[in-house]
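In order, the protein sequence lines correspond to chains A and B. Numbering follows my numbering, in which position 195 of the first sequence is assigned residue number 195; successive positions increment by one, without gaps. Numbering follows my numbering, in which position 23 of the second sequence is assigned residue number 23; successive positions increment by one, without gaps.
Hints listed in this document are in silico derivations from the structure and should not be mistaken for laboratory results. Incorrect hints may have been included.
You can't tell identical chains apart in this list, so a pair holds if it fits in one copy or across any two.
Claimed, not checked - Distance condition first, Cα-Cα at most 20 Å in a straight line; then the derived DMTMM-like pairs of lysine to aspartate or glutamate:
(1) LYS247 with ASP292
(2) LYS47 with GLU359
(3) LYS241 with ASP292
(4) LYS333 with GLU48
2 protein chains.
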Amino acid sequence: MNKEKSLGTVETHYFTFAEPPHELILQSGQKIGPVTLAYEAYGALNKEKSNAILVLHALSGDAHAAGRHQQTGDLGWWDSMIGPGKALDTQKYFILCSNVLGGCKGSTGPAAINPKTAKPYALSFPIISIADMVKAQKALIDHLGIKKLLCVIGGSMGGMEVLQWVASYPKSIQSAIPIATCLKHSPQQIAFSEVGRQAVMADPAWDEGNYYGKAKPEKGLAVARMIGHITYMSDKSMEEKFSRKLKTKDHRFKFTADFEVEGYLHYRGDNFVKRFDANSYLYITKAMDYFDLSGGKFLHKGENESLRFLVIAFKSDWLYPLYQSQEIVRQLKLSGLDATYCEINSSYGHDAFLLEIEEQTRLVKHFLNKSFYGYDVVRGYEI
Amino acid sequence: MNKEKSLGTVETHYFTFAEPPHELILQSGQKIGPVTLAYEAYGALNKEKSNAILVLHALSGDAHAAGRHQQTGDLGWWDSMIGPGKALDTQKYFILCSNVLGGCKGSTGPAAINPKTAKPYALSFPIISIADMVKAQKALIDHLGIKKLLCVIGGSMGGMEVLQWVASYPKSIQSAIPIATCLKHSPQQIAFSEVGRQAVMADPAWDEGNYYGKAKPEKGLAVARMIGHITYMSDKSMEEKFSRKLKTKDHRFKFTADFEVEGYLHYRGDNFVKRFDANSYLYITKAMDYFDLSGGKFLHKGENESLRFLVIAFKSDWLYPLYQSQEIVRQLKLSGLDATYCEINSSYGHDAFLLEIEEQTRLVKHFLNKSFYGYDVVRGYEI
Numbered sequence: 001m002n003k004e005k006s007l008g009t010v011e012t013h014y015f016t017f018a019e020p021p022h023e024l025i026l027q028s029g030q031k032i033g034p035v036t037l038a039y040e041a042y043g044a045l046n047k048e049k050s051n052a053i054l055v056l057h058a059l060s061g062d063a064h065a066a067g068r069h070q071q072t073g074d075l076g077w078w079d080s081m082i083g084p085g086k087a088l089d090t091q092k093y094f095i096l097c098s099n100v101l102g103g104c105k106g107s108t109g110p111a112a113i114n115p116k117t118a119k120p121y122a123l124s125f126p127i128i129s130i131a132d133m134v135k136a137q138k139a140l141i142d143h144l145g146i147k148k149l150l151c152v153i154g155g156s157m158g159g160m161e162v163l164q165w166v167a168s169y170p171k172s173i174q175s176a177i178p179i180a181t182c183l184k185h186s187p188q189q190i191a192f193s194e195v196g197r198q199a200v201m202a203d204p205a206w207d208e209g210n211y212y213g214k215a216k217p218e219k220g221l222a223v224a225r226m227i228g229h230i231t232y233m234s235d236k237s238m239e240e241k242f243s244r245k246l247k248t249k250d251h252r253f254k255f256t257a258d259f260e261v262e263g264y265l266h267y268r269g270d271n272f273v274k275r276f277d278a279n280s281y282l283y284i285t286k287a288m289d290y291f292d293l294s295g296g297k298f299l300h301k302g303e304n305e306s307l308r309f310l311v312i313a314f315k316s317d318w319l320y321p322l323y324q325s326q327e328i329v330r331q332l333k334l335s336g337l338d339a340t341y342c343e344i345n346s347s348y349g350h351d352a353f354l355l356e357i358e359e360q361t362r363l364v365k366h367f368l369n370k371s372f373y374g375y376d377v378v379r380g381y382e383i
Numbered sequence: 001m002n003k004e005k006s007l008g009t010v011e012t013h014y015f016t017f018a019e020p021p022h023e024l025i026l027q028s029g030q031k032i033g034p035v036t037l038a039y040e041a042y043g044a045l046n047k048e049k050s051n052a053i054l055v056l057h058a059l060s061g062d063a064h065a066a067g068r069h070q071q072t073g074d075l076g077w078w079d080s081m082i083g084p085g086k087a088l089d090t091q092k093y094f095i096l097c098s099n100v101l102g103g104c105k106g107s108t109g110p111a112a113i114n115p116k117t118a119k120p121y122a123l124s125f126p127i128i129s130i131a132d133m134v135k136a137q138k139a140l141i142d143h144l145g146i147k148k149l150l151c152v153i154g155g156s157m158g159g160m161e162v163l164q165w166v167a168s169y170p171k172s173i174q175s176a177i178p179i180a181t182c183l184k185h186s187p188q189q190i191a192f193s194e195v196g197r198q199a200v201m202a203d204p205a206w207d208e209g210n211y212y213g214k215a216k217p218e219k220g221l222a223v224a225r226m227i228g229h230i231t232y233m234s235d236k237s238m239e240e241k242f243s244r245k246l247k248t249k250d251h252r253f254k255f256t257a258d259f260e261v262e263g264y265l266h267y268r269g270d271n272f273v274k275r276f277d278a279n280s281y282l283y284i285t286k287a288m289d290y291f292d293l294s295g296g297k298f299l300h301k302g303e304n305e306s307l308r309f310l311v312i313a314f315k316s317d318w319l320y321p322l323y324q325s326q327e328i329v330r331q332l333k334l335s336g337l338d339a340t341y342c343e344i345n346s347s348y349g350h351d352a353f354l355l356e357i358e359e360q361t362r363l364v365k366h367f368l369n370k371s372f373y374g375y376d377v378v379r380g381y382e383i
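Chain A on its own, in the form it takes in the complex (with noise of 0.2 Å):
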């Protein structure tokens, strides 16, 4: 095995499901269908169907988790993660992940046709939860004849979606990696979640959501993104990044982006604008500030006893702070279940998950290795 290969040139697939029993009945009671989700698929599935791992995006992220994408040429946002003799060895598992509902990469969201009106639906598209996503996600799995994951795993909204399929489906899931994610969002979160809403929709170019066909709100998404990514990083992270770097030696009392801090801002959020739906972005916010599995809600008794969990945080994390991920724990240990924690000691603050590749390497294999096997493969293990 080498862990430099790669998986080569992927492709995006859709499924779409109409018809009843497979029209999606959300948690709020509302129907919705027909649904499509956009994923996609590295490595083989076995005889058995026993080697399927479901990997799951966070707020922003789509279907594309790895290898070069056919259209774009693009490489997966969990590329270093997944691929021949990765953490998600593809040439032991078969890895699937899809763009969540609601979100705009393929997947039936705001952005898409309403059958009834032949319009976008824009806000006419109903609220959606995380516990939403994982039922359409569950509605894939089934197509696929896959009466049992060997793993799911994801970080951020990711993590929670983790948590979800634990809740929702423990039967279907043999094994469970929530990493940077929480039981709920705090209110620090949620207030970090409704400015970010706020920004999109004090553009008047939002117009109460129905944009389609016309002038963005360009502005109001790339101030979202920008707060965003201040969270997504550590103060740390930012102090070695950018200092108090100028961007040019002459830029001293312009009323302009003079640091470099703000110039990377910019080219975030301007750069967001591109490929982010605005519509998605208050719909996915709004779910995550309403996941709530605290208090043990997530675990059902006699239904999770063979599940195992590995469970990864971020020691310079402060969107989603160790103590969140310490409470799952807490919760999967007060069960009597099989949990492993780990903190990694990283100063990316939250994009860690994205970053700290080689310590999330060596726990996933592992963990994996004992998941698919029973035991862990040492001679396997290259990292």
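Keeping the supplied structure of chain A fixed, place chain B upon it in accordance with the hints.
Here is chain B on its own, set in the frame of chain A:
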């Protein structure tokens, strides 16, 4: 002495200086005049003019620091610290507070009329620095005939002004109390400032600053203020104040502000736009970002020896973290100066300098007693 005693009704005064040498030459080399400073004064200046204390306000503060305002009836922003028997005891001391240059509460700022054009300055107002604000304050102190201030005290941006007084006029002050502040903004602090500015400038009503007499960029400024308020509180204080409480019981699955923390932020944002000028917000935050007295730049050998310092920080303040106050103390101690450092164990975050009154009162009272009498008048201490 009765600590419950109030100052009663107070009024705002205005000091205007126009002719050279009282025209203000700014750090950038530009000149501005006439300059008006709004200020308030409490207590009486003694015959020796040795009991004057200058209070310096934070980003959104003003000259009205204590008492009930004659016109509005509002209590001053630091009323709990200033008054008969309080930390800044108006029975002993003569307390001054002026609105900063660039502000919008009676002092000359971008909303003021430019005498050369008879229109508001707007973005033709020169970029100002913390040093420029302090230079204007010095003109006020000179005007009042005060040769040496007993103390300069302030939190947040007010603390930067305190340090700038030390840098600019070490011979004109006897002691200094910088609270919850820093020697320079970190990239994270700059980033939060910049996102706030971007929120203002993204509002089309901002119109390159030319909104005077028209609709104001209220939505943008409200978003900026909401971001600010998150950073002024702590994760813990938000949890204690709001938890995940909903505004009403029926609010699940609606696309509005349903959590109490959201309602609070909206209230704070909406309130702010009624009382603050968006361009002042841009100029003042920029001045804070430019401020840099790191590396001992604020201390001049041979001019600070008799200066005494009390540096106060709050444990849960993540916007101006402890390490920044510790760095101030380190610079003072490296220069062999008389500095006391105190961390107050508060959960209020950065807001603590406005809320943690009891401990701040004890610290400040003892410190001022020693500065004023040369020793601590223990019997005068009644808190």
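**OP:** Of all the hints given earlier, name the ones this structure violates by number, lowest first.
**Re:** Those not satisfied are hints 2, 4.
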